[in-house]
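Visitor: Each chain, written out:
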Amino acid sequence: MNPIITLTLQANLRYLRIASIMACNVAEIFADLACNATDIAEFCHAYELSVSEAFTNSVRYAEPSQPEKQVTIHFSSNNSTLAVSIIDTNPQFNPVTQAPDISCYPEGGYGLFLIHRLMDTVSYTRKDNTNILTMTKQATMVHEA
Amino acid sequence: MNISEKTVNHYTILSLQGILNASSAPTLRNYIAGLPEAQSLVIDLEKIEFLDSSGLGALVGIARKKKSSSAVMKLARMNDRVKKVFEITQAYTLFDIYDDVSAAAEA
Chain S
1 MNPIITLTLQ ANLRYLRIAS IMACNVAEIF ADLACNATDI AEFCHAYELS VSEAFTNSVR
61 YAEPSQPEKQ VTIHFSSNNS TLAVSIIDTN PQFNPVTQAP DISCYPEGGY GLFLIHRLMD
121 TVSYTRKDNT NILTMTKQAT MVHEA
Chain W
1 MNISEKTVNH YTILSLQGIL NASSAPTLRN YIAGLPEAQS LVIDLEKIEF LDSSGLGALV
61 GIARKKKSSS AVMKLARMND RVKKVFEITQ AYTLFDIYDD VSAAAEA
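Residue numbers (my numbering), protein chains in the order written: chain S, 1 to 145; chain W, 1 to 107.
These are computed hints drawn from the structure, not numbers from a lab. Any given hint could turn out to be false.
[What the hints assert, rightly or not] The following label-pair restraints were derived from C-beta to C-beta distances:
#1 N2(W) with I102(S): 38 to 46 Å
#2 D120(S) with Q17(W): 31 to 39 Å
#3 R64(W) with Y124(S): 27 to 35 Å
#4 C104(S) with E46(W): 25 to 33 Å
#5 E5(W) with G108(S): 24 to 32 Å
#6 N129(S) with E106(W): 51 to 59 Å
Positions of the beta carbon are idealized from the N, C-alpha and C atoms, including for glycine.
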């Protein structure tokens, strides 16, 4: 993977839209450069939504005793695949993929499930007390009739 | 996120505009908390530019409270980006969803 851009933000929901808008913009530019993507809007929405979910989780699980915690968002690419990693130093977590039981009217628990449904691959690594959640998606080619 | 309010029949119509995410969901929850518990609602989502699971969670939580107080909560005018979140999570099964506000307030 070739690095594109890295952004580090304070772990605060005040900066949530910076993270998700940047994801959308990087995805749009990437899809435009990589190929004639079939649906750039959908590709961008997948990144905007997935980064919004992952950044929110990073903020929510940041320890309140350390208000200066940060979240790093790293984009990289390989041919037609764009990868984004969300990196934080929160406690280790279980990247559960199970859908919440919607009949119970749950107010939470959708985030990682949504990410798994929107992206092609999702991987979680715990290394040196750091969580690294990496998501990739391929920009698909236009197939003209 | 901006919220505007009007009344049609016995429904309070709340029109949301902007971003509904973890940052703005408390604004919606607080606004709803200021309305009578048994007040039936139509939430107009036409001008929601972006919704994530925290925004969805806020809507689901409001629906649960309305259900427990025997009030009605309906959603109207979802755009495709909002609709996608409801489809993936199957949250559409929890709501009556309408294509226009007046139909929601008449039903």
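Visitor: Sort out which numbered hints this structure fails and list those numbers smallest first.
Guide: Hint 1 contradicted; others consistent.
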